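S.K.: Here's the letter readout for the chains.
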Amino acid sequence: MNIHRIINKTLFRLQKGAIGLLVYFDSRLYMKCYNNLLKRHGFNLKGTPRFIALSARFDDFKRITLGDRLVVSMNVHFLTHDYSFTTALISINEKPDTDIGILREIIIGDNVFIGMNSILLPGTIIGNNVIIGAGSIVRGTIPDNSVVAGNPAIVISDIRDYARKVKQRKDNNLVKDKE
Amino acid sequence: MNIHRIINKTLFRLQKGAIGLLVYFDSRLYMKCYNNLLKRHGFNLKGTPRFIALSARFDDFKRITLGDRLVVSMNVHFLTHDYSFTTALISINEKPDTDIGILREIIIGDNVFIGMNSILLPGTIIGNNVIIGAGSIVRGTIPDNSVVAGNPAIVISDIRDYARKVKQRKDNNLVKDKE
Amino acid sequence: MNIHRIINKTLFRLQKGAIGLLVYFDSRLYMKCYNNLLKRHGFNLKGTPRFIALSARFDDFKRITLGDRLVVSMNVHFLTHDYSFTTALISINEKPDTDIGILREIIIGDNVFIGMNSILLPGTIIGNNVIIGAGSIVRGTIPDNSVVAGNPAIVISDIRDYARKVKQRKDNNLVKDKE
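Residue numbers (our numbering), protein chains in the order written: chain A, 1 to 179; chain B, 1001 to 1179; chain C, 2001 to 2179.
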């Protein structure tokens, strides 16, 4: 079992590494290959993510559901395990003979953008049309159509208001694709 | 002196790298070896840490005290130096001819869990039975029996209340060891 | 064009790697070489940075202006692109056929210290004599003479008050240079 997991993880990393070379040349081809790899390793992809950075880390493949048009930036962590529960048990004088963690699923809706260095804590559920700002620490349920930021992360605006506000600005310097 | 430090650091990293391979196979053996390495390099270990991730970084070995049953997650930084003081001195028209930093110790109590990507600033003192949530920026003194999170990190609950609350939940999906 | 950028980036990384070896031996020589490299690659340096960590990342070389005596700690990110705008457009039923991002400049004044793991969001303008605490997520305009921290980052004190307060302490343990 353990050996099987180690081999599986090592294979996943080798394949990821090979696919990662593509990102500098053709980010669409990269994402096509990466989506396939994630599916083969048991990921629950509902639709097609737009982009998932190679440095984004998922601590569990089976308990994470990713929606359509998802963007996951660099160094984002999806945490489904929480081993701090062992520390909590010891504090009330229970002495588990092995570490005990809490396992909770993460579910991400459609059209979600997750900014770099963010952490999604176990049990996070994100609705549709959501922007998670860079560096956010997210827990709990994030409603549809929201822009979220901070540590702890809170809803800071409605994504539709944000879209309209930016469009009205005169001095926008827009850029297409990953120019 | 400088050469001595460079050799010492390089040796430490090589040994860390070798030990790091163990973590995939046997995390207890890994931790036993890593504890020994930390002690040999001057670390003040009071008791036996449960787990310290290889990517956790300590910017000083002699000014950090670690308690029993400590867990340190990935990418945690223990900072004992603060060189921003030079910037502060320049702002009041003092021109030090070399960078001047503030050095302050870090002391961690027993049964403490430090979540991933957290930073402990110089002078941080953490009591016994404490959970530091992922991504926390911690400074100052954290009392016994607390759960701490945020940037800036604040006490968000009593760890014993948290333990009891989780135990009462009916839908807990618990997992043993680093399954 | 694309090939040109890839070659340019690869060359930059190779040169950075070579320069990076210097940092263990002579941090002044390292910084002299790194400043030259940044200038050659189109960076707008006003004056001479004191230190820029090799792991600090700039997602654009032409839209970032760095002031004199700047210190940039490990893993700091300067973001000038924001592709979450595409997610916002989709939320109001606009379907751009390619990703659309917002581009905004970053301007850093003189005598600024940026603590580790901080992120500067597109459009950030930092005045003179500013300390950005470790782990800060910074956006908008930061006034002269301020100490800033948190996620979201806010002004927590005047840098001159901070300098005087630290100097008055009796128990300071100061250290010169990167001892």
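Don't read these hints as lab results, they were simulated from the structure. Note that the structure is a prediction, hence the values are computed from the model and not measured. Incorrect hints may have been included.
To be verified - Capping the alpha-carbon separation at 25 Å, the derived lysine-lysine pairs in DSS-like fashion look like this:
| id | chain 1 | residue 1 | chain 2 | residue 2 |
| --- | --- | --- | --- | --- |
| 1 | A | Lys-46 | C | Lys-2095 |
| 2 | A | Lys-16 | A | Lys-46 |
| 3 | C | Lys-2032 | B | Lys-1009 |
| 4 | A | Lys-95 | B | Lys-1170 |
| 5 | B | Lys-1062 | C | Lys-2095 |
S.K.: For every hint, state whether the structure bears it out.
M.R.: Hints versus structure:
1. A:Lys-46 x C:Lys-2095: holds, 19 Å
2. A:Lys-16 x A:Lys-46: At roughly 21 Å apart (the allowed maximum being 25 Å), A:Lys-46 and A:Lys-16 satisfy the hint.
3. C:Lys-2032 x B:Lys-1009: holds, 24 Å
4. A:Lys-95 x B:Lys-1170: holds, 21 Å
5. B:Lys-1062 x C:Lys-2095: Judged against 25 Å, a Cα distance of about 57 Å means the pair is violated.
In summary, the one numbered hint that this structure violates is 5.
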